[in-house]
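**Q** Protein sequence lines correspond, in order, to chains A and B. Okay, so the first sequence: first residue is 1 according to UniProt numbering, each after it adds one. Okay, so the second sequence: first residue is 1 according to UniProt numbering, each after it adds one.
Treat the hints with care, since some could be wrong.
Which copy is meant is left open, because identical chains are indistinguishable; a pair holds if it fits in one copy or across any two.
Cross-link-like lysine to any residue pairs, in silico, SDA-like; alpha carbons within 20 Å at most [as the list claims (entries may be wrong)]: (1) K260 - A112; (2) K155 - E180; (3) K260 - L111; (4) K118 - H256; (5) K153 - A286.
Don't read these hints as lab results, they were simulated from the structure. These numbers come from a predicted model, not from an experiment.
Protein chains: 2
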Amino acid sequence: MTDASAPRIHLGPVEDPHVADGIRRAGGVLVPLAEAEGVVWVQGPETFPSALPDSVRWVQLPFAGIEPWFDAGVIDDKRVWTSAAGAYAGNVAEHTMMLLLAGVRSLPEQLAAQSWRKEEFDPRVGTLQGSTVAIIGCGGIGRALIPYLVASKVKVIAITRSGTPVEGASETLSADRTGEIWSKADHFVIAAPSTSATRHLVGKAELDQMSESSWIVNIARGTLVDTDALVDALEAGSIGGAALDVTDPEPLPDGHRLWKLPNAIITPHVANPATTLTRVLADHVAANVARFAAGDDLTAVIDPSAGY
Amino acid sequence: MTDASAPRIHLGPVEDPHVADGIRRAGGVLVPLAEAEGVVWVQGPETFPSALPDSVRWVQLPFAGIEPWFDAGVIDDKRVWTSAAGAYAGNVAEHTMMLLLAGVRSLPEQLAAQSWRKEEFDPRVGTLQGSTVAIIGCGGIGRALIPYLVASKVKVIAITRSGTPVEGASETLSADRTGEIWSKADHFVIAAPSTSATRHLVGKAELDQMSESSWIVNIARGTLVDTDALVDALEAGSIGGAALDVTDPEPLPDGHRLWKLPNAIITPHVANPATTLTRVLADHVAANVARFAAGDDLTAVIDPSAGY
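From just these sequences and the hints, can you work out the full model?
**A** Take a look at the structure:
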């Protein structure tokens with residue numbers, strides 16, 4: 001049954017089934033572009049219409065980082081634009097937990113084995129139980145990671161810009177106190193934004209303070225870690241290991257030293273992969289369609305004048 | 001300061017620092033065997049004293065499975081004996097979560113790569129977000145696993161003998177309804193006890209009902225899965241994969257077909273490894289020392305007449 005007051009949404013450039021379902025769940029009806037009040041776009045700016053009907057009052061973009069959309073000149077000030085900021089935090093947190101567990105529990109060497117080497121591996125499998133994990137830049141991804149860590153009885157130290165207590169963390173420190181954590185935590189999750197201030201946040205001085213069993217997980221941007229200093233520490237065995245979904249340089253070139261290290265885990269920037277993108281986006285879209293219908297403020301509104 | 005009423009505990013055969021700390025935290029004092037009221041043992045039965053002083057009213061053993069202690073004739077009916085049943089559930093749940101995530105998110109093939117194959121892997125990395133996971137035999141380990149799954153927004157179907165609702169599960173089914181889940185859940189965690197009724201709980205008929213992206217994780221006993229049927233399904237690609245910390249036969253012999261499959265993850269029965277055993281045991285011991293001091297019932301009391 002179509003309600004005359006139901007929001008008329010155009011879904012393009014393809015009718016992705018997960019997102020279509022999300023729109024319908026929220027009470028929206030799918031319409032051609034010419035009849036739309038709202039547009040939900042599930043691909044990049046290349047395929048975006050060069051002009052939108054005046055009836056379109058809202059556009060939902062599919063990515064959290066929207067620089068390419070500004071570069072393409074797509075975003076105007078005639079309507080409200082929303083990004084997918086925050087929508088993928090849960091998926092990235094899940095990848096982060098996998099990387100941390102795989103490192104601490106020595107999965108790579110067990111996967112490489114072709115025989116039952118229990119006596120050899122038994123003393124090398126660690127646990128997160130009772131350890132301390134620092135989350136540097138504890139925003140949406142860090143907050144989504146905390147419940148996994150709490151399930152492993154981990155003590156979480158959250159670092160945020162302001163130091164305002166993060167729920168579930170044992171302790172929250174403001175960013176200016178980051179220097180305190182390197183000798184204090186067992187493992188480190190890098191989830192901070194990439195700025196001039198966070199470049200090489202983890203370098204030789206920080207690595208030198210970590211323990212021989214410490215793992216670093218980077219799911220933010222490669223430049224937050226000084227790759228040369230990291231590789232030196234990994235080769236020397238002065239830290240437990242590093243699990244990186246992002247690298248510097250990225251893509252990591254063939255033959256790079258990181259590829260050969262047994263205590264490095266590399267995944268090629270797939271924490272929020274294409275396979276699951278629209279499945280995860282669907283909930284974010286559904287929530288915004290419901291808010292649009294009710295006339296409420298939308299989530300993740302883009303500020304065209306600020307460029308984000 | 002030593003309190004005359006503090007429980008006098010002998011820790012042997014070595015003074016493990018984690019367990020020693022647990023005993024002291026609970027108010028106990030460490031004493032030689034001849035002066036002990038309680039004994040906490042952190043190794044196998046081979047090194048256990050052939051006779052205990054009559055003053056010893058309680059013995060804490062370090063393992064959950066205590067058959068070897070009965071076989072060695074160590075357990076008598078002159079005092080209370082406790083096992084470590086339940087102490088390791090959290091650690092095994094953590095390993096289970098790692099195996100499930102590594103499978104669903106295609107970690108093995110990414111680890112094997114020596115170049116940045118983002119385009120190839122991006123569509124092959126899955127997510128647990130929004131999926132349904134069945135835990136077959138949802139006891140201590142399953143209950144410890146649920147918070148991780150809930151963090152990934154998973155719908156949990158718990159199977160228990162009685163079907164009494166398990167906290168955190170969306171649905172709990174009694175064991176006689178196990179047949180319903182194979183086509184209903186996306187992934188399967190095998191955590192049931194090994195009995196004649198659970199032998200080959202997962203065989204050809206069950207595998208045939210699963211989807212092409214389904215992962216099976218077995219952290220219970222190898223015999224719960226029909227290995228030949230599983231290998232056939234893995235070779236055919238009719239399921240996503242299998243992650244096994246236990247196998248049948250176990251140890252898995254060199255050259256076995258399972259070693260060569262890219263969609264099989266094998267860890268050699270290390271979900272609760274030696275490295276972390278005493279660290280995890282410490283909390284269990286501390287709780288029992290506190291109960292012993294207070295005269296309360298101890299946790300995981302062994303029944304010598306029943307043999308468990």
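**Q** For every hint, state whether the structure bears it out.
**A** Against the structure, the hints:
no.: 1; hint: K260 - A112; result: both (13 Å within a copy, 11 Å between copies)
no.: 2; hint: K155 - E180; result: within (15 Å within a copy, 39 Å between copies)
no.: 3; hint: K260 - L111; result: both (15 Å within a copy, 11 Å between copies)
no.: 4; hint: K118 - H256; result: between (31 Å within a copy, 16 Å between copies)
no.: 5; hint: K153 - A286; result: between (34 Å within a copy, 16 Å between copies)
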